[in-house]
Amino acid sequence: MVTLRTQKEIEVITMYEIGRLCIKIAGRDARKKAIIVDILDGFFVLIDGQVRRRKCNIKHLEPLDKVLKIKKNASHSEVVDILKKEGIEVVDTKPKEKKEKTKAVKEAVKTEEKTEKKPAQKKETKTTTEKKKTTKTKK
Amino acid sequence: MPQPKFKSRTYRRISTKLPGGNSKIHYEKRKPELPKCANCKKELKGIPKLRDYKMRRLGISKKRPERAFGGYLCSECSRQTIKKEARA
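So the sequences go chain by chain: A and B.
Offset between the first sequence (1-based) and this note's numbering: plus 1082.
Offset between the second sequence (1-based) and this note's numbering: plus 300.
In case anyone wonders, no lab produced these hints; they're calculated from the structure.
Please note that the accuracy of each hint is not assured.
With a straight-line cut-off of 30 Å between C-alpha atoms, the simulated DSS-like cross-links for lysine-lysine are [what the hints assert, rightly or not]: (1) B/Lys329 to B/Lys342; (2) A/Lys1151 to B/Lys336; (3) B/Lys331 to A/Lys1166; (4) A/Lys1137 to A/Lys1166; (5) A/Lys1115 to B/Lys362; (6) B/Lys341 to B/Lys317; (7) B/Lys384 to A/Lys1148; (8) A/Lys1115 to B/Lys336; (9) B/Lys317 to A/Lys1188; (10) A/Lys1154 to B/Lys383; (11) A/Lys1115 to A/Lys1151; (12) A/Lys1141 to A/Lys1180; (13) A/Lys1180 to A/Lys1167.
What follows is a set of in silico ranges between Cβ atoms, one per label pair, in the way DEER data are often shown [claimed, not checked]: (14) B/Gly346 to A/Glu1195: 52 to 60 Å; (15) B/Gln303 to A/Glu1195: 39 to 47 Å; (16) A/Lys1180 to B/Leu318: 45 to 53 Å; (17) A/Lys1167 to B/Cys377: 29 to 37 Å; (18) B/Asp352 to A/Glu1160: 43 to 51 Å.
Glycine included, every Cβ here is placed at the ideal spot set by N, Cα and C.
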């Protein structure tokens, strides 16, 4: 827990309630709008909306004048519906699908390369070590 | 003896170790100045200090920060402009 010292800090934290519209100031989601979904310890809140759903410091947020009605810990789909009514569109990127075929092909190629390369390398190393031993014994 | 054009200091000198163990001086053109913030004129961070032909090989996300106003304003000035937009 972070200890609150000044009265200003307490006033700032009370501004950030559940459902408050904010703009993110810092990071790759800067200049995008978000809603506060949950309040965590100290200066941290949970945000969702145009940004990725994540924990965020209050110092990285700028509050707006609107407070929307949301349940605590509302899901992402609920947040999107509420933001659409306000005229804020949320574009969700599709998660990347893993292609099994290409991976299997790559692994097969790798195993072939390993089997071809390994014996050739070992032979070379052996020959070099043998040569060194022979030179040492001669001296 | 170096070539006469390498005796002037327009080229920077880089001492390298050769595989044989000798050291040799290589001559390269000097690096460019870093771009500056349009508001406060400080040098921008997160941008590699490379010549033009090496910058062309990099991807877009490696040439500048991924933030809004990245590569144009510094982080502090971009915060202030976003705050002004929100309060207007």
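List, from low to high, the hint numbers that the structure doesn't satisfy. 2, 3, 6, 9, 12, 13 and 14
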